[in-house]
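Residues per chain are reported as follows:
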Amino acid sequence: EDKVVQSPLSLVVHEGDTVTLNCSYEVTNFRSLLWYKQEKKAPTFLFMLTSSGIEKKSGRLSSILDKKELSSILNITATQTGDSAIYLCAVEPINSGGSNYKLTFGKGTLLTVNP
Amino acid sequence: DSGVTQTPKHLITATGQRVTLRCSPRSGDLSVYWYQQSLDQGLQFLIQYYNGEERAKGNILERFSAQQFPDLHSELNLSSLELGDSALYFCASSGLAGVGVAQYFGPGTRLLVL
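Residue numbers (our numbering), protein chains in the order written: chain W, 1 to 115; chain E, 1 to 114.
Because the hints were derived from the structure by calculation, they are not lab data.
A hint or two may mislead.
What the hints assert, rightly or not - Only pairs whose alpha carbons sit at most 30 angstroms apart, straight line, appear in this in silico DSSO-like list of lysine-lysine:
hint, chain 1, residue 1, chain 2, residue 2
1, E, Lys57, W, Lys37
2, W, Lys3, W, Lys57
3, W, Lys37, W, Lys107
4, W, Lys41, W, Lys3
5, W, Lys56, W, Lys67
6, W, Lys40, W, Lys56
7, W, Lys67, W, Lys57
8, W, Lys107, W, Lys57
9, W, Lys68, W, Lys41
10, W, Lys40, E, Lys57
11, W, Lys37, W, Lys3
12, W, Lys67, E, Lys57
13, W, Lys67, W, Lys107
14, W, Lys107, E, Lys9
15, W, Lys3, W, Lys56
16, E, Lys57, W, Lys107
17, W, Lys67, E, Lys9
18, W, Lys40, W, Lys107
19, W, Lys68, W, Lys57
20, W, Lys37, W, Lys67
21, W, Lys68, E, Lys9
22, E, Lys9, E, Lys57
23, E, Lys9, W, Lys56
24, W, Lys56, W, Lys68
25, W, Lys41, W, Lys57
26, W, Lys68, W, Lys107
27, E, Lys9, W, Lys41
28, E, Lys9, W, Lys37
29, W, Lys41, W, Lys56
30, W, Lys56, W, Lys107
The following block holds chain W by itself, in its conformation from the complex (with noise of 0.2 angstroms):
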């Protein structure tokens, strides 16, 4: 069965502070990694990273999988109050028809910024 842990479980900054976030997986045929941002609903999609494409940057965030660990780290530096969330990681794995499928979400870091 398909695993991901997550850690820190929670963590608590000060804004301007830079955090990076863990998450470590098992899975069989590794497809890709997701990165979501839960603030009070719905999961929002940031990145996601496969073998083709192990870095992705998008201002502040920046995530980094390295496949030989079986991990990713989701960095956030110069945080900001409206980066408080919870941030989930999922990984996907091929299904035998090769189309999309379903995604394992660990339990998600809560990170709080305060002012």
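Keeping the supplied structure of chain W fixed, place chain E upon it in accordance with the hints.
Quick look at chain E alone, frame taken from chain W:
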């Protein structure tokens, strides 16, 4: 706004009842996924439909069922509801198969079973 819509936003019902949650995927997306999120279990995959056909099943109870209609909207039916079914139910959609296609989540339906 992801483009995925879900109705209703909130639902309060009693144990033993049956409810239907509805989802409209993003325009052009053929795949619909249902997830359940509770405080203790996190986000759990329930079921996937692709162009009207069931494609994958996860931790979905026998009391729950889903379908995807020709217009690609999907419904999740929950019956004989129990207190433990109280949770956020999300629908997500994605486009055609292929690496680099992410799932986009709707706003969710919050179900409270009393």
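Do the hints match the structure? See the list:
1. Distance check on the hinted pair: lysine 57 of chain E and lysine 37 of chain W sit about 25 angstroms apart at the alpha-carbon level, within 30 angstroms; holds.
2. In summary, the hint linking lysine 3 of chain W to lysine 57 of chain W is supported, as the alpha carbons are separated by about 25 angstroms, within the 30 angstroms threshold.
3. For the hint linking lysine 37 of chain W to lysine 107 of chain W, the alpha-carbon distance of about 12 angstroms falls within 30 angstroms, and the restraint holds.
4. With a CA separation close to 23 angstroms, the supplied pair lysine 41 of chain W and lysine 3 of chain W stays within the 30 angstroms bound.
5. The hinted pair formed by lysine 56 of chain W and lysine 67 of chain W meets the criterion: a straight-line CA distance of about 14 angstroms does not exceed 30 angstroms.
6. The hinted pair formed by lysine 40 of chain W and lysine 56 of chain W meets the criterion: a straight-line CA distance of about 25 angstroms does not exceed 30 angstroms.
7. Between lysine 67 of chain W and lysine 57 of chain W the CA atoms are separated by roughly 18 angstroms; this keeps the pair inside 30 angstroms, and the hint holds.
8. About 23 angstroms separates the Cα atoms of lysine 107 of chain W and lysine 57 of chain W, which keeps this hinted pair within 30 angstroms; it holds.
9. Of the supplied pair hints, the one linking lysine 68 of chain W and lysine 41 of chain W is violated, its CA atoms being roughly 33 angstroms apart against a limit of 30 angstroms.
10. In summary, the hint linking lysine 40 of chain W to lysine 57 of chain E is supported, as the alpha carbons are separated by about 27 angstroms, within the 30 angstroms threshold.
11. Between lysine 37 of chain W and lysine 3 of chain W the alpha-carbon distance is near 19 angstroms, which keeps this suggested pair within the 30 angstroms criterion.
12. Among the hinted pairs, lysine 67 of chain W with lysine 57 of chain E is consistent with the structure: their alpha-carbon atoms are about 27 angstroms apart, no more than 30 angstroms.
13. For the given pair, lysine 67 of chain W sits about 21 angstroms from lysine 107 of chain W by alpha-carbon distance, which is consistent with the 30 angstroms threshold.
14. Taking the CA atoms of lysine 107 of chain W and lysine 9 of chain E, the gap is near 23 angstroms; set against the 30 angstroms cutoff, the hint holds.
15. Our distance criterion of 30 angstroms between C-alpha atoms is met by lysine 3 of chain W and lysine 56 of chain W, whose separation comes to about 23 angstroms.
16. Pair hint lysine 57 of chain E plus lysine 107 of chain W holds up; C-alpha atoms about 20 angstroms apart against a cutoff of 30 angstroms.
17. At most 30 angstroms may separate the alpha-carbon atoms for a hinted pair to count; lysine 67 of chain W and lysine 9 of chain E exceed this at roughly 39 angstroms.
18. For the suggested pair lysine 40 of chain W and lysine 107 of chain W, the alpha carbons sit about 16 angstroms apart, so the restraint of at most 30 angstroms is met.
19. Taking the CA atoms of lysine 68 of chain W and lysine 57 of chain W, the gap is about 21 angstroms. The hint holds against a cut of 30 angstroms.
20. Distance restraint check for lysine 37 of chain W and lysine 67 of chain W: the Cα-Cα separation of roughly 22 angstroms lies within the 30 angstroms cut-off, and the hinted pair is therefore satisfied.
21. With a C-alpha separation of about 42 angstroms, the suggested pairing of lysine 68 of chain W with lysine 9 of chain E is violated against the 30 angstroms cut-off.
22. Restraint check: the Cα-Cα separation between lysine 9 of chain E and lysine 57 of chain E comes to about 24 angstroms, which is no more than 30 angstroms; the hinted pair holds.
23. Only pairs whose Cα atoms come within 30 angstroms are accepted, and lysine 9 of chain E paired with lysine 56 of chain W is rejected, the gap being roughly 33 angstroms.
24. With a CA separation close to 17 angstroms, the supplied pair lysine 56 of chain W and lysine 68 of chain W stays within the 30 angstroms bound.
25. For the hint pairing lysine 41 of chain W with lysine 57 of chain W, the CA-to-CA distance comes to about 24 angstroms; that is within 30 angstroms, so the pair holds.
26. A C-alpha spacing of about 22 angstroms is found between lysine 68 of chain W and lysine 107 of chain W, which places the hinted pair at or below 30 angstroms, so the restraint holds.
27. With a C-alpha separation of about 11 angstroms, the suggested pair lysine 9 of chain E and lysine 41 of chain W falls inside the 30 angstroms cut-off, and the hint holds.
28. Taken as a hint, the lysine 9 of chain E and lysine 37 of chain W pair is honoured in the structure, with Cα atoms around 20 angstroms apart against an allowance of 30 angstroms.
29. Proximity of lysine 41 of chain W to lysine 56 of chain W is assessed by CA-CA distance (about 24 angstroms); at most 30 angstroms being required, the pair is judged to hold.
30. A C-alpha spacing of about 22 angstroms is found between lysine 56 of chain W and lysine 107 of chain W, which places the hinted pair at or below 30 angstroms, so the restraint holds.
Violated hints for the displayed structure, listed by number in ascending order: 9, 17, 21 and 23.
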